[in-house]
Amino acid sequence: MSEQEYYVPHGTYWPIIGSIGVSTLFVGFANQMHGAEWGGSVMALGFAIMVFMMFGWFGQVVNESTNGIYNKQVDRSFRWGMSWFIFSEVMFFAAFFGALFYARQLSVPWLGGADNNLFTPDLWNAFSASWHQMAFISPGTELQSGTVMSFPAVPATGIETATPAMVVDPWGLPALNTALLLASGVTLTFAHHALRAGHRDQIVGWLVATIALGVAFLGFQIMEYGHAYHDGLKLTSGIYGSTFYMLTGFHGFHVTVGVIMLTVILYRVQKGHFNADNHFGFEGVAWYWHFVDVVWLGLFVFVYWL
Amino acid sequence: MTTATDTTATGHDDHHHGPEKGLMRWVKTTNHKDIGSLYMWFAFTMVLIGGAMAMVIRMELFQPGMQIVDPHFFNQMTTMHGLIMVFGAIMPAFVGLGNWLIPMMIGAPDMALPRMNNWSFWILPFAGGILLSTFFMDGGAPAFGWTFYAPLSTTFAPDSTDFFIFAVHLLGFSSIMGAINIIATVLNMRAPEMKLMDMPLFVWTWLITSFLLIGAMPVLAGAVTMMLTDRNFGTSFFDATGGGDPVLFQHIFWFFGHPEVYIMILPAFGVVSHIIPTFARKPLFGYSSMVYATASIAFLSYIVWAHHMFLTGMPVAGELYFMYATMLIAVPTGVKVFNWISTMWRGSMTFETPMLWAISFVFLFTIGGFSGLMLGIAPADIQYHDTYFVVAHFHYVLVTGALWSIIAATFYWLPKWTGKMYNEKLAKVHFWWAVISVNVLFFPQHFLGLAGMPRRIPDYSLQFADFNMISSLGGFAFGASFILLTYIVIDCIRNGKPTTARPWEGAKGLEWTLEPKAQYHSFNTPPSRKLIEQESQNS
Chain A
10 MSEQEYYVPH
20 GTYWPIIGSI
30 GVSTLFVGFA
40 NQMHGAEWGG
50 SVMALGFAIM
60 VFMMFGWFGQ
70 VVNESTNGIY
80 NKQVDRSFRW
90 GMSWFIFSEV
100 MFFAAFFGAL
110 FYARQLSVPW
120 LGGADNNLFT
130 PDLWNAFSAS
140 WHQMAFISPG
150 TELQSGTVMS
160 FPAVPATGIE
170 TATPAMVVDP
180 WGLPALNTAL
190 LLASGVTLTF
200 AHHALRAGHR
210 DQIVGWLVAT
220 IALGVAFLGF
230 QIMEYGHAYH
240 DGLKLTSGIY
250 GSTFYMLTGF
260 HGFHVTVGVI
270 MLTVILYRVQ
280 KGHFNADNHF
290 GFEGVAWYWH
300 FVDVVWLGLF
310 VFVYWL
Chain B
3 MTTATDTTAT
13 GHDDHHHGPE
23 KGLMRWVKTT
33 NHKDIGSLYM
43 WFAFTMVLIG
53 GAMAMVIRME
63 LFQPGMQIVD
73 PHFFNQMTTM
83 HGLIMVFGAI
93 MPAFVGLGNW
103 LIPMMIGAPD
113 MALPRMNNWS
123 FWILPFAGGI
133 LLSTFFMDGG
143 APAFGWTFYA
153 PLSTTFAPDS
163 TDFFIFAVHL
173 LGFSSIMGAI
183 NIIATVLNMR
193 APEMKLMDMP
203 LFVWTWLITS
213 FLLIGAMPVL
223 AGAVTMMLTD
233 RNFGTSFFDA
243 TGGGDPVLFQ
253 HIFWFFGHPE
263 VYIMILPAFG
273 VVSHIIPTFA
283 RKPLFGYSSM
293 VYATASIAFL
303 SYIVWAHHMF
313 LTGMPVAGEL
323 YFMYATMLIA
333 VPTGVKVFNW
343 ISTMWRGSMT
353 FETPMLWAIS
363 FVFLFTIGGF
373 SGLMLGIAPA
383 DIQYHDTYFV
393 VAHFHYVLVT
403 GALWSIIAAT
413 FYWLPKWTGK
423 MYNEKLAKVH
433 FWWAVISVNV
443 LFFPQHFLGL
453 AGMPRRIPDY
463 SLQFADFNMI
473 SSLGGFAFGA
483 SFILLTYIVI
493 DCIRNGKPTT
503 ARPWEGAKGL
513 EWTLEPKAQY
523 HSFNTPPSRK
533 LIEQESQNS
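Chains A and B, in that order, are what the protein sequence lines are. Residue 133 in this note's numbering is what sits at position 124 of the first sequence, and the numbering runs on without skipping anything. Residue 446 in this note's numbering is what sits at position 444 of the second sequence, and the numbering runs on without skipping anything.
Here chain A stands alone, though its shape is the one from the complex:
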């Protein structure tokens, strides 16, 4: 391949297969939520199509790359693409962090009557607007849609006012997980240095360590979810449970994806796909892993600690 010529592929079936896959996945999911028995199977089918598409599409790109079809300019396109994709992920998390800050700083204090006194300070007896509440509504109270507007009448019995520190101590598992993820960033950087120096055995060692740290993180995260759930913190436990599980859940999903990506990179390293100068696949995954790392730091500070 000449250095001058930009590789423009022609004719591909993978996108349309991806569209069919993702639509099948979503339609199955929506029907599943509405109680259709076949929803789950359709979802699984959609997921399988997506997996097939990703293997096929990425496999084709990997092949083209190892056949030397891509020049430096194509490499730069991939770099711009990956970095702005990560930025879009940052903005997705920003929406959930924004919800967290808004609830903590504004809506929960307002429900307690702060600032403008538009809200009654007596939502119900013994209501206190503290962020750490695990539930705003007494467990077992069925709220019909019609009673939403009459929430001051909700009885006071059984309101939980446990703090998150009682449920999740930030200096226990979360701190350990922080250490694990930070360490995985370091091991991954060592792997990158080894790659640039051309020491394949070292790359493999550091990559395996990174993957192991990521898997350990996920294991502890599942353990911690178990504790939290057992102590009564659920997705349905009001806004604290909502932000806690949605933020950490989406993060955990991204770590899972990152671990899968790192595993693919490990496989590709062993196949000898990369050399010291040409290894965007490695770097793209490393960027992604560091992004996941930074999101965790935000989570540790704002969800667990403060």
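Don't take each hint at face value.
Under 7 Å between C-beta atoms, here's a sample of chain A residues computed to sit facing chain B [unchecked claim]:
hint: 1; residue: Ala39
hint: 2; residue: Gln41
hint: 3; residue: Met42
hint: 4; residue: Phe199
Below 20 Å or equal to it, Euclidean Cα-Cα: the simulated SDA-like pairs (lysine to any residue) are [said to hold, decoys possible]:
hint: 5; chain 1: B; residue 1: Lys532; chain 2: B; residue 2: Met199
hint: 6; chain 1: B; residue 1: Lys284; chain 2: B; residue 2: Phe340
hint: 7; chain 1: A; residue 1: Lys81; chain 2: B; residue 2: Met423
hint: 8; chain 1: B; residue 1: Lys23; chain 2: A; residue 2: Pro18
hint: 9; chain 1: B; residue 1: Lys30; chain 2: A; residue 2: Met63
hint: 10; chain 1: A; residue 1: Lys81; chain 2: B; residue 2: Asn234
hint: 11; chain 1: B; residue 1: Lys510; chain 2: B; residue 2: Met351
hint: 12; chain 1: A; residue 1: Lys81; chain 2: B; residue 2: Arg117
hint: 13; chain 1: B; residue 1: Lys23; chain 2: B; residue 2: Thr527
hint: 14; chain 1: B; residue 1: Lys284; chain 2: B; residue 2: Gln536
hint: 15; chain 1: B; residue 1: Lys30; chain 2: A; residue 2: Ile29
hint: 16; chain 1: A; residue 1: Lys243; chain 2: B; residue 2: Thr227
hint: 17; chain 1: A; residue 1: Lys243; chain 2: B; residue 2: Thr231
hint: 18; chain 1: A; residue 1: Lys243; chain 2: B; residue 2: Thr420
hint: 19; chain 1: B; residue 1: Lys30; chain 2: B; residue 2: Gly20
hint: 20; chain 1: B; residue 1: Lys30; chain 2: A; residue 2: Pro18
hint: 21; chain 1: B; residue 1: Lys30; chain 2: A; residue 2: Gly68
hint: 22; chain 1: A; residue 1: Lys243; chain 2: B; residue 2: Phe235
hint: 23; chain 1: B; residue 1: Lys510; chain 2: B; residue 2: Lys430
hint: 24; chain 1: B; residue 1: Lys30; chain 2: A; residue 2: Lys243
hint: 25; chain 1: B; residue 1: Lys510; chain 2: B; residue 2: Ser538
hint: 26; chain 1: B; residue 1: Lys430; chain 2: B; residue 2: Val364
Chain B side only, calculated, beta carbon under 10 Å to chain A, not exhaustive [stated by the list, open to error]:
hint: 27; residue: Gly131
hint: 28; residue: Leu134
hint: 29; residue: His171
hint: 30; residue: Met179
hint: 31; residue: Gly224
hint: 32; residue: Thr227
hint: 33; residue: Phe239
hint: 34; residue: Gly349
Honestly, the hints are just simulated from the structure, not real lab data. Beta carbons are placed, not taken as given, at the ideal position from N, Cα and C, and that holds for glycine.
Since the structure of chain A is already known, use the hints to place chain B on it.
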């Protein structure tokens, strides 16, 4: 999956060939022109579908009293009209224009990421299909307005809302991939001799729009994800009984929504900045100020979102901040309008169809801009909020702004796309038909709003009857004008007279140096510095 690649891996030197034959060409294509055409035809189909819904709305509002549809269906019409026009028509049309034009304008062979380009288009028909399928579900389509405020869209919404949510997710994937592709193309595929300040303004405006898309669309995805979990998994983001707040939805939505309105107008500014210099036969006045104004508008668009929420409830300091920040946008926008006028000043002007659309854009978009300023004044907005004045305002900026520029661009570049010339006489008839009827349609709505007629209602008090009837008549005439537009475009493709490479005397830009019908792969060898300077708007 490994064997499938061998043909492309070894057969790379045959990619100078033309398009494939048959229907699969359009499914498999990675060519920026093919994909641009797909986007444009998709958008046009959606304009007709969304337009049909607008016709139902105007028929219902033709006279006071309940006329032809029940109120719930009316709400579905207003909601789906808005969603389809914003996400299905205007945005894809601009991405289509970007696909067609950007590689030609920057001297590139194609888009930077051609396979992903295919995917960002081919998600759209699926998303549109899911969105439209909600009409056939129990409880009907979404009926909570295109802004889908909670709790209307959570607690009180029909089951089909979950399908709507996934459709929005898919539309978001498409937009984000499209934006990433345009950024990579502009920053990495430019002819080596083309500096950033050599770029045509359409390229500049689309580059800046891409940053808005990548910043805003994921936030929308977050908002609909929270809706999804609030509806199905018991979270409390928008539910005060769980410590959340419906107002939070409005903040997140408009944090997306305000950049979104500039996503739909910045490329329009780019289009007009090409057409006016061509037919004024003068270089664009204030090229660099246009670039900086575009960037300023984009920046400001992120910090003004709560001016949509003056009546939702906000501390006075917040109202003041969002009011003044909003006023500030008038400054760079004014720079643009005055630059267009200065470009025309003492120019050798002729009034071919694209120029007519561009000039009417300047007039009518400015009307929409002024009514926007009125709405941005917090104390005055108490009167205007949720009235037909708002409807008139955003239709002036979106129809006679965004859509106008898309039609202008279509006529301006149609010769380059087809190698043929459209019927100028018919096109002028169409222009005057559209520009008169659209004003009959939307101008009276200002008066209705000032008099207090609320938006999103199927029935109204008797004092609003006359203006509503005038507006509806204008609406039917404007709707009918699209039949003529369809005919003109198809007639051009089929029977148009062959044209030259540069059919417009004063036109500048690398796209005009290509063959009359631009070749399938635009620039296989990048243009020289001399050519770039000759064709630059900034010279």
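| task | Would you list, in rising numerical order, the hints stated earlier that this structure does not obey? | result | 2, 4, 7, 10, 13, 18, 23, 24, 28 and 34
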